[in-house]
Structure formats: C-alpha cells, structure tokens
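Single-letter residue listing:
Number of protein chains: 2
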Amino acid sequence: MIHRIALAALPLLLPMAAIAQEAPEPATPGSVIAAAAPEEWTAIPAEDLLVMELAPDTAGNARRVVIQLIPAPFSQPWVENIRTLAAAHWWDGTSVNRVQDNYVTQWGDLTEDKPLPHGVVAPEAAYEASDLLAKTTSLSWLISIGGNSGNAGPPAPPLDGRDDLHAALAGFGGGWPMAWYGYQASLQAWPIHCYGYVGVGRGYAPDTGTGAELYTIIGQPQRHMDRNLAVVGRIIDGMEHLSSLPRGSGDLGFYTDEEDHLRTAILSVRLASETADPPSYEYLDTASETFARYVNVRANRDDAFYTVPAGGVDVCSVQVPVRQTGS
Amino acid sequence: MIHRIALAALPLLLPMAAIAQEAPEPATPGSVIAAAAPEEWTAIPAEDLLVMELAPDTAGNARRVVIQLIPAPFSQPWVENIRTLAAAHWWDGTSVNRVQDNYVTQWGDLTEDKPLPHGVVAPEAAYEASDLLAKTTSLSWLISIGGNSGNAGPPAPPLDGRDDLHAALAGFGGGWPMAWYGYQASLQAWPIHCYGYVGVGRGYAPDTGTGAELYTIIGQPQRHMDRNLAVVGRIIDGMEHLSSLPRGSGDLGFYTDEEDHLRTAILSVRLASETADPPSYEYLDTASETFARYVNVRANRDDAFYTVPAGGVDVCSVQVPVRQTGS
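For the protein sequence lines, the chains are A and C, in the order given. According to UniProt numbering, the first sequence is numbered sequentially starting from 1. According to UniProt numbering, the second sequence is numbered sequentially starting from 1.
Source of the hints: derived by calculation from the structure; they are not laboratory data. Take these hints with a grain of salt, some might be off.
Not close to chain C: a few residues of chain A, all C-beta gaps over 12 Å, as computed [to be verified]: (1) A36; (2) R223; (3) H241; (4) S243; (5) S268; (6) D277; (7) L284; (8) N300; (9) D314; (10) S317.
A few chain C residues facing chain A, derived, Cβ under 10 Å [said to hold, decoys possible]: (11) V51; (12) A59; (13) R83; (14) T84; (15) A87; (16) L245; (17) G250; (18) F254; (19) L267; (20) A299; (21) D314.
Listed below are several chain C residues computed to face chain A (Cβ distance under 10 Å; list not exhaustive) [unchecked claim]: (22) P38; (23) Q222; (24) T256.
For clarity, every value in this text was computed on a predicted model and none was experimentally measured. For every residue, glycine included, the Cβ atom is placed at its ideal position computed from N, Cα and C.
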C-alpha cells in the first residue's frame with residue numbers, strides 16, 4: 001500500500017517536441033514546481049492556519065509569521081489546545097524567550113504562571129499514529145523517498161520492526177515529512193522535526209507539554225526529537241522573523257535578564273478564520289506526479305551549476321512547496 | 001582499515017563504584033565531552049585559524065567570527081588562496097552580501113571586480129581526495145557512524161562503488177565530517193557541508209571559485225552541494241553573527257540596492273598567526289574513545305528528557321566539539 005518513488009528511473013516527462021528539436025533546459029526544483037498542474041495543489045483549511053504578529057522590527061516593519069497546523073491523525077490533542085489558546089488570545093503579550101543557534105527559537109509566557117484556558121492540559125504522550133489504516137482512507141499517501149532516514153536510493157531492506165532510525169522509513173504523507181515502520185495494520189508513523197517545523201515545549205518526560213510553549217527548528221534538524229516532542233505544525237510564511245533573531249546568551253539560548261530588550265513581543269496569535277482578511281495558502285500534494293519529479297530533481301541536480309548528482313536526498317532537504325493564494 | 005564504532009554495544013565505561021552504589025546519572029553529550037581526557041583534545045594550528053572582524057552591531061558590540069581551515073588532503077588549493085587573500089588583507093572593506101534563509105550567508109567583494117592578489121586563481125576541481133592512503137599515514141582516522149549518509153545503525157552493506165549518497169559512507173576523519181566510498185587504495189573521500197561549514201562561492205560549473213567569495217550553511221545542510229562546491233573550513237566561534245543577520249529580499253537572498261544598509265561590513269580578516277593576541281582552540285579527536293561515546297550518546301539519548309532513543313544520528317547532527325584555550 002505504501003507507494004514508493006523509483007527515484008533513479010523516474011522520467012522527466014518532457015514534451016516530445018522539445019526532445020526532438022533541441023536539448024531541453026535541465027529541470028530544477030523551481031522549474032518542476034512551476035509546471036505543476038493546478039489540481040496538484042491542495043488548499044490549506046483556514047482552521048489549520050495560525051497568524052502570529054510579532055512587534056515591528058527596529059525599522060518599523062511588520063513581522064507576520066504564519067503557521068500551518070498538522071492535520072489528523074497526528075498530534076491532535078496539542079493542536080486542539082493551540083486552537084483554544086489562540087481563540088482565547090492567550091499568546092497576546094507573551095514573547096520570544098529563547099533563541100539557541102543551530103537549534104530552536106521558542107516562544108510563550110516568560111513568567112510561566114499565566115493561567116491557561118479551561119481544558120488546556122498536557123495530554124498523554126501520543127507522538128505516533130498507530131492505527132493509520134483505521135484513520136485514513138488509504139495509506140497510499142505515505143510516500144517513501146528511500147530507506148534509512150530519508151536518504152533516497154534503492155528500495156529499503158524488508159522492515160523488521162526495529163525501533164530505530166535505521167529500520168524506519170522516511171518520506172511524506174499527506175503533505176508532511178514522516179517516518180514510519182511496520183506494515184499495514186501494524187504501521188506506526190510520526191512527523192519529523194525539519195527546519196521551520198513547530199513543536200511543543202515541555203519539561204522532563206513523561207510531561208508532554210500543553211502547546212502553550214512552542215518552538216521552531218532554526219538549524220540542523222535533530223531527529224532525536226522525533227517521538228519525544230510533539231510536532232504540531234510548520235512555519236509557511238515569515239520564518240526569517242524567527243530564525244534571524246539575536247541569539248540568547250543564557251543556558252540553552254534563553255535570554256538573560258540583562259537581555260530583556262532582545263525579547264521579541266508577540267502582539268497577537270489568531271486562527272486565520274478569526275482574522276478580518278484571512279490569508280490563504282496551498283501546498284503541493286505529496287502524492288502527486290509533480291512532487292515525485294521534484295524529489296527526483298532534488299536528489300539528482302544536473303543543471304548548469306552542478307557536476308556530480310548526489311543520487312539521494314535527506315527528507316528534510318525536500319521542503320514541501322507551499323504558496324500563498326490570497327490576502 | 002576503516003574503524004567502525006559499534007554504536008549499540010559501546011559500554012559507557014562508568015566507574016565501578018558508581019555502578020555498585022547507585023544508578024548513575026544518564027550520560028548526556030555534555031557530560032561525555034566534559035569527561036574527555038586532556039590528550040583526547042587536539043590543538044588547531046594557528047595557520048589554520050582565520051579571524052574575521054565584522055563591524056560592531058547596533059549596540060556597539062564587537063562581532064568576531066573564527067574560522068578553522070580544513071587540513072590536507074582536502075581543498076588545499078582554495079585554502080592556500082584563502083591564506084594569500086588574508087595575508088593581503090584583501091577582505092578588509094568587503095561585506096556580507098547575501099543571507100538566504102535556511103541556506104547560506106555569503107561574503108566577499110560586492111563589486112566583483114576587486115583585483116585578486118598575484119597567484120590567486122580558481123584551481124581545477126578536486127573536491128575529493130582520491131589517494132588518501134598515500135596522503136595519510138593511516139586510514140584508521142576515517143570513522144563511520146553507520147552507512148547511508150551518516151545514519152548510525154548496523155554495519156552498512158558491502159560497498160559497491162556506486163557514485164551516490166546511498167552507497168557512500170559518512171562519518172568523521174581527522175576531526176571533520178566526511179563521506180566516502182571505495183576501499184583502501186581506491187578510497188575516495190570528501191568533506192561534508194554541515195551547519196556552520198564554510199565553502200567557496202563560484203559561477204556555473206566547471207568554474208570552481210577562488211576562495212575570495214565564501215559562504216556558510218545557516219540551515220538544513222544540502223548534501224547535494226558536496227563534491228560540487230569546495231568545503232574549506234568551519235565556523236568555530238561567532239557563528240551567531242552570520243546566522244542571525246537579516247535575510248536579503250533579492251534573488252537567492254542577496255541584498256537589493258535598497259537594502260544596502262543591511263550589508264554587514266567586514267573590517268578585517270587575518271590569519272590568527274598574524275594577529276597581536278592570537279586566539280587558540282582545540283577539537284576533540286574524532287578517533288578518540290570519548291568521541292565514540294559522544295556519538296553513541298547523541299544517537300541514543302536516554303537522559304531524563306527523552307523517552308524514545310532514536311537509535312541513529314545524522315552525521316551533521318554530531319558537531320565536532322571545539323573549545324577555546326587561549327586569548
């Protein structure tokens with residue numbers, strides 16, 4: 001049921017006329033995405049979009065960050081908490097309190113004692129979706145880009161259910177980078193912490209956090225966070241407003257008391273459906289032919305700039321294309 | 001000859017007394033590094049250290065970036081150019097001209113017509129070292145952390161020399177993240193573009209660049225750059241001064257003419273050996289027992305914060321420990 005992209009063999013499907021007449025321009029990730037059919041793009045529901053307005057920068061420019069929340073069946077208890085927190089305007093007046101280079105930017109309530117809205121509690125840990133077959137109509141949306149943690153290549157060896165990265169497959173499901181192991185009814189899948197992905201801050205295990213404290217990855221993804229922290233979304237616009245902030249000099253990149261002026265104030269966080277002029281976005285269907293070509297080109301760059309194709313690509317080096325369609 | 005770390009089996013070598021009396025604190029990457037023996041640290045030669053002074057930030061704070069140049073047998077024609085450029089004070093008065101989110105920060109001569117010192121020319125491409133056995137006394141310094149692009153796990157399948165990521169092993173050699181394939185005399189190895197690693201900007205292939213235009217990785221490493229661009233060093237201090245700069249809004253993250261005020265001026269770039277009070281650093285020997293333990297702990301976090309050990313780790317998630325020892 002799990003669809004596999006045959007990376008090396010995938011033809012680029014160039015029009016015959018172009019092949020007959022002249023050598024075509026080599027495909028680039030950009031040219032492949034530009035050629036996607038309209039029906040290969042999927043609209044993101046307004047209830048999955050969160051709009052965070054940071055205080056303007058020193059030059060007075062607005063700083064808007066847009067987060068796409070992860071859809072079912074992943075991380076939904078936290079996602080529901082986040083919708084409740086946004087509806088309660090809970091983040092208004094909070095701040096970005098931690099920026100650790102090559103790791104995370106983290107935001108929330110500096111005092112750590114701001115009361116939470118009714119019903120917002122840390123759920124039981126459920127970092128994996130363990131009965132995907134029951135929760136989705138088809139598993140064909142899980143697309144492997146190669147075994148062994150997302151590096152493309154020949155078909156992976158038979159899965160043996162070992163609970164480690166090596167045994168896990170990585171790829172994409174429903175528009176999101178995923179890792180999984182098992183097969184059919186025993187399939188276990190979980191979302192991956194890539195650059196710009198948003199997770200739930202927490203204390204020591206088994207605490208899972210509520211979703212009030214959030215972070216995003218601003219460097220090399222640390223895959224050991226997967227299944228230990230909840231991935232609840234990804235930044236689809238304005239990532240630079242979080243990644244380019246001054247780093248904190250305290251432990252773990254927290255700003256010290258002397259660096260209070262470096263903390264960026266959060267003016268508001270709203271569900272897009274609650275805003276006056278909601279922005280809209282769509283992402284490239286990860287089960288589409290164009291996405292398969294895009295992965296292939298990412299893994300085998302052979303345009304004028306490159307000489308040696310890598311022949312493989314890390315799952316986090318394949319960013320799911322997202323584009324704004326309104327407002 | 002290539003040494004392999006048996007990740008899962010590696011004992012943590014705890015003192016017997018601790019085992020007998022109480023459950024020891026679980027090891028963390030930090031605790032493992034702190035316990036390294038003095039002789040496991042290797043001094044970085046002053047001629048391999050480059051000190052770049054950026055213009056002070058808006059609060060008047062100095063911004064010093066220290067780069068470690070990669071040692072032989074890798075990328076030496078460019079490294080020699082870089083030493084010549086630094087000795088000629090060529091970068092003084094140049095600037096940071098490009099900051100592309102989740103990709104690179106790049107610096108050099110904005111006009112692109114500043115004359116280069118005598119002898120600084122783009123070398124023939126030699127991104128790989130192809131006769132390592134002749135160039136080093138032993139290959140035992142190439143340490144694999146698992147097959148398939150640096151993900152730890154069981155021994156990799158036999159190498160078949162295929163020219164792709166899947167067939168390549170990844171790990172560490174001489175203190176640097178490396179990928180390689182082949183065996184013994186046929187071994188080909190090359191350095192990896194990880195976060196904070198420095199490479200040589202260039203035009204279209206087969207141009208290889210001179211080393212006058214440099215970049216560093218500020219996001220997800222893009223391994224397709226390996227063997228297509230020359231890795232010449234890594235930032236070992238002050239990375240945050242390059243990663244937290246405002247992103248450029250022009251194509252590829254270049255600053256536009258309207259964003260001239262965002263370009264960060266480079267006051268000077270000097271070889272440490274040329275400075276009045278040279279800083280000194282050392283790195284943890286990647287062939288040491290402590291480094292092996294460090295990789296193991298990175299791949300299998302089981303301290304109080306983590307519940308599910310990953311069982312593997314990407315080569316770029318294992319930063320080689322570097323510490324300052326003087327000035």
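Hint check:
With 12 Å as the threshold on Cβ separation, the claim that A/A36 sits away from chain C holds: the shortest Cβ distance comes to roughly 21 Å. For A/R223, the shortest C-beta to C-beta distance to chain C comes to about 6 Å, within the 12 Å cut-off, and the non-interface label is violated. Non-interface call for A/H241 relative to chain C: violated, since the shortest CB-CB distance, roughly 9 Å, does not exceed 12 Å. A beta-carbon of chain C is positioned within 12 Å of the beta-carbon of A/S243; the least distance is around 6 Å.
For A/S268, the shortest C-beta to C-beta distance to chain C comes to about 23 Å, beyond the 12 Å cut-off, and the non-interface label holds. Once the 12 Å rule is applied to beta carbons, A/D277 is consistent with being away from chain C; the minimum gap is 23 Å. With 12 Å as the threshold on Cβ separation, the claim that A/L284 sits away from chain C holds: the shortest Cβ distance comes to roughly 17 Å. With a closest Cβ-Cβ approach of about 8 Å to chain C, A/N300 is found to fall inside the 12 Å limit, against its non-interface label.
Consistency note on A/D314: stated as away from chain C, yet its beta-carbon is not over 12 Å from all of that chain's, at 6 Å minimum. Separation of A/S317 from chain C is inadequate, the least Cβ-Cβ distance of about 6 Å not exceeding the 12 Å criterion. For C/V51, the interface hint is violated, since its Cβ never comes within 10 Å of a Cβ in chain A; the closest pair sits about 19 Å apart. At about 9 Å, the closest approach between the beta carbon of C/A59 and any beta carbon in chain A falls short of 10 Å, and the interface hint on this residue holds.
The criterion of a C-beta within 10 Å of any C-beta in chain A is not met by C/R83, whose closest approach is roughly 26 Å, and the hint is violated. Checking C/T84 against chain A: minimum C-beta separation of about 26 Å lies over 10 Å; hint violated. A distance limit of 10 Å between C-beta atoms decides the matter here; for C/A87 the minimum to chain A is near 30 Å, and the interface restraint is violated. Interface restraint check for C/L245: the shortest CB-CB distance to chain A comes to about 6 Å, inside 10 Å, so the restraint holds.
Checking C/G250 against chain A by beta carbon gives a least distance of about 13 Å; that is not within 10 Å, so the hint is violated. Interface restraint check for C/F254: the shortest CB-CB distance to chain A comes to about 14 Å, outside 10 Å, so the restraint is violated. Among the interface hints, the one on C/L267 is violated; its C-beta lies about 20 Å from the nearest C-beta in chain A, farther than the 10 Å criterion. Among the interface hints, the one on C/A299 holds; its C-beta lies about 8 Å from the nearest C-beta in chain A, closer than the 10 Å criterion.
Contact between C/D314 and chain A, as hinted, is supported at the beta carbon level, the nearest pair being about 6 Å apart and thus within 10 Å. For C/P38, the interface hint is violated, the least distance from its beta-carbon to any beta-carbon of chain A being 25 Å, above 10 Å. Because the smallest distance between the Cβ of C/Q222 and any Cβ of chain A comes to about 6 Å, under 10 Å, the interface hint for this residue holds. Residue-level restraint check for C/T256 is violated (minimum Cβ-Cβ distance to chain A is 14 Å; threshold 10 Å).
Of the hints listed earlier, those the structure fails to meet are numbers 2, 3, 4, 8, 9, 10, 11, 13, 14, 15, 17, 18, 19, 22 and 24, in rising order.
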